[in-house]
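Let the hints inform the model, and build the full structure from the sequences given.
Protein chains: 2
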Amino acid sequence: MDSGFSQRAASYFESLQESICSALTKIDGRSIFREDTWKHAHGGGGRSRVLQEGAVFEKAGVNTSSIRTPLTAATAGRLKMDAREIAASGISLVLHPLNPHVPAVHANFRFLEADNGDWWFGGGADLTPYYLYEEDARHFHGVWKSACDTADASYYPRYKKWCDEYFTVKHRGESRGIGGIFFDDLRGDFDTHFRFIQQCGNAFLGSYAPIVERRRAATYGERERRWQLQRRGRYAEFNLVYDRGTVFGLETEGRVESILMSLPPLARWDYNAVPEPGSSEEKLLAVLRQPKSWI
Amino acid sequence: MDSGFSQRAASYFESLQESICSALTKIDGRSIFREDTWKHAHGGGGRSRVLQEGAVFEKAGVNTSSIRTPLTAATAGRLKMDAREIAASGISLVLHPLNPHVPAVHANFRFLEADNGDWWFGGGADLTPYYLYEEDARHFHGVWKSACDTADASYYPRYKKWCDEYFTVKHRGESRGIGGIFFDDLRGDFDTHFRFIQQCGNAFLGSYAPIVERRRAATYGERERRWQLQRRGRYAEFNLVYDRGTVFGLETEGRVESILMSLPPLARWDYNAVPEPGSSEEKLLAVLRQPKSWI
Numbered sequence: 001m002d003s004g005f006s007q008r009a010a011s012y013f014e015s016l017q018e019s020i021c022s023a024l025t026k027i028d029g030r031s032i033f034r035e036d037t038w039k040h041a042h043g044g045g046g047r048s049r050v051l052q053e054g055a056v057f058e059k060a061g062v063n064t065s066s067i068r069t070p071l072t073a074a075t076a077g078r079l080k081m082d083a084r085e086i087a088a089s090g091i092s093l094v095l096h097p098l099n100p101h102v103p104a105v106h107a108n109f110r111f112l113e114a115d116n117g118d119w120w121f122g123g124g125a126d127l128t129p130y131y132l133y134e135e136d137a138r139h140f141h142g143v144w145k146s147a148c149d150t151a152d153a154s155y156y157p158r159y160k161k162w163c164d165e166y167f168t169v170k171h172r173g174e175s176r177g178i179g180g181i182f183f184d185d186l187r188g189d190f191d192t193h194f195r196f197i198q199q200c201g202n203a204f205l206g207s208y209a210p211i212v213e214r215r216r217a218a219t220y221g222e223r224e225r226r227w228q229l230q231r232r233g234r235y236a237e238f239n240l241v242y243d244r245g246t247v248f249g250l251e252t253e254g255r256v257e258s259i260l261m262s263l264p265p266l267a268r269w270d271y272n273a274v275p276e277p278g279s280s281e282e283k284l285l286a287v288l289r290q291p292k293s294w295i
Numbered sequence: 001m002d003s004g005f006s007q008r009a010a011s012y013f014e015s016l017q018e019s020i021c022s023a024l025t026k027i028d029g030r031s032i033f034r035e036d037t038w039k040h041a042h043g044g045g046g047r048s049r050v051l052q053e054g055a056v057f058e059k060a061g062v063n064t065s066s067i068r069t070p071l072t073a074a075t076a077g078r079l080k081m082d083a084r085e086i087a088a089s090g091i092s093l094v095l096h097p098l099n100p101h102v103p104a105v106h107a108n109f110r111f112l113e114a115d116n117g118d119w120w121f122g123g124g125a126d127l128t129p130y131y132l133y134e135e136d137a138r139h140f141h142g143v144w145k146s147a148c149d150t151a152d153a154s155y156y157p158r159y160k161k162w163c164d165e166y167f168t169v170k171h172r173g174e175s176r177g178i179g180g181i182f183f184d185d186l187r188g189d190f191d192t193h194f195r196f197i198q199q200c201g202n203a204f205l206g207s208y209a210p211i212v213e214r215r216r217a218a219t220y221g222e223r224e225r226r227w228q229l230q231r232r233g234r235y236a237e238f239n240l241v242y243d244r245g246t247v248f249g250l251e252t253e254g255r256v257e258s259i260l261m262s263l264p265p266l267a268r269w270d271y272n273a274v275p276e277p278g279s280s281e282e283k284l285l286a287v288l289r290q291p292k293s294w295i
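Note that the protein sequences, when read in sequence, are chains A and B. Residue numbers for the first sequence follow the numbering used here, beginning at 1 and rising by one. Residue numbers for the second sequence follow the numbering used here, beginning at 1 and rising by one.
Looking from chain A toward chain B, a few residues come up when the C-beta cut is under 8 Å (computed): (1) D36; (2) V50; (3) Q52; (4) K59; (5) H171; (6) G233; (7) L250; (8) L260; (9) L266; (10) R268; (11) W269; (12) Y271.
Selected chain B positions facing chain A (in silico; Cβ < 7 Å): (13) V241; (14) L250; (15) V256; (16) E257; (17) M261; (18) L263; (19) L266; (20) W269; (21) Y271.
What the hints contain is simulated information worked out from the structure, not anything from laboratory work. Note that the Cβ used here is the ideal one computed from N, Cα and C, for glycine as well.
Quick look at the structure:
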């Protein structure tokens with residue numbers, strides 16, 4: 001792990017955290033990010049930045065970490081790796097807006113390098129609206145398609161599909177949101193892939209900020225808020241039951257509060273809540289049950 | 001599976017559901033249980049009863065089910081069973097009170113029988129207070145100790161310890177609550193164990209109702225409510241990450257809304273929320289981090 005790759009990736013992730021937090025603070029206009037740095041038991045650590053109770057964001061977390069850790073047999077098995085130690089660095093962000101018309105968003109970019117010389121990039125970004133604005137979905141997917149296309153025209157179709165498959169709340173038969181891109185195991189030429197990762201990281205604000213600006217002043221009431229909180233319950237179900245990043249973090253003794261910053265500030269579980277036929281809520285559900293093409 | 005055992009157990013669980021729902025309706029005094037019956041894809045089904053937005057209970061679920069299902073290799077492996085089909089019946093209840101001074105409670109009693117003739121009972125009850133009243137903890141444990149002692153004096157100490165171990169939110173280093181009893185794999189003479197299970201089932205109301213009566217009129221404000229919602233976030237973490245009943249239900253294609261009725265009506269995840277030194281909230285945490293004896 002003396003390739004220098006990990007360090008180059010980690011230092012990009014940290015600069016990306018800077019620029020994203022700075023832009024989100026301006027967008028929010030009320031609250032600021034609080035920073036905590038932490039050390040991992042086995043080496044390295046992280047820098048967590050969380051903004052709470054803002055004007056736009058009820059909770060926004062933008063974390064970086066760069067750790068070294070021995071792998072348990074179970075984790076190595078799940079990662080399909082023949083390695084005993086791993087270096088992992090990445091940036092992970094989850095934004096939970098207050099207004100139900102503004103979608104939640106998640107993005108993550110990561111670099112992993114094993115003590116056997118193996119390394120790869122992974123990442124993605126996905127949007128979780130509570131009310132479906134097709135214009136927003138098309139914008140989000142359009143930005144990610146452009147970012148992918150600069151590297152390889154085959155990426156967007158593959159990574160869009162991968163995203164729809166990955167972010168599935170299986171027991172509900174629903175996607176978490178309207179997707180975006182997801183990829184893993186990107187191996188080969190470091191410089192080529194690192195360029196692509198930077199292309200993606202730099203695309204994030206453009207994929208999301210215009211949507212916030214369009215929806216932040218939309219009016220809403222009890223009904224929209226309740227629906228948002230119910231859908232956030234599904235978000236928590238996905239993250240706690242299925243998300244590999246969450247499981248990896250908890251298994252490798254990452255900082256719990258940083259890993260679980262992804263959980264919604266407030267969530268509801270109403271028994272057997274079913275949207276009214278023909279409602280906007282039902283229209284969203286239809287798309288979550290049958291992901292569609294947005295380009 | 002023609003022993004008749006499953007049917008006897010299932011019919012007891014259904015009569016227990018009747019008597020518990022009837023008593024809880026009287027205690028609540030405002031809302032009533034809504035009943036849904038459902039059929040399992042492979043045979044049998046369930047009867048779910050949920051009360052919401054009551055005077056005492058923000059959400060209360062009391063479910064029975066009695067199903068037959070083929071076992072996947074994964075589920076059979078986790079249950080350590082050499083069987084291809086299983087009959088499972090049980091009662092499961094989770095009560096989430098509105099007032100943060102009234103503890104949440106969970107109880108579950110179950111009978112499993114495999115197509116190879118193997119069978120066993122399991123069960124337990126545990127209390128999740130948001131504010132610690134030692135009197136309540138002693139009462140709850142005292143009732144369960146008495147129920148255990150009628151069967152075997154060794155049960156309570158073993159099952160109390162098992163409960164503390166089982167209901168651990170490992171990544172937080174905390175128990176979900178102040179415990180109670182938990183047991184599984186109770187094999188041997190059916191009549192003896194069935195008597196014990198009935199002793200337990202019939203003890204439930206006496207373990208919990210007096211606590212509700214003592215605390216239901218306690219005053220509380222924003223601070224207590226926020227703490228309760230944060231603790232309910234931990235409850236959701238336990239149920240979604242660790243609870244075997246939840247995982248078993250989702251894996252064997254149980255009815256999702258019935259399985260997940262255990263999730264809290266409303267929950268919060270505030271980043272890095274730490275109770276003030278010397279506060280009541282911190283006193284509860286100390287006990288969750290280091291379970292103690294209540295007898």
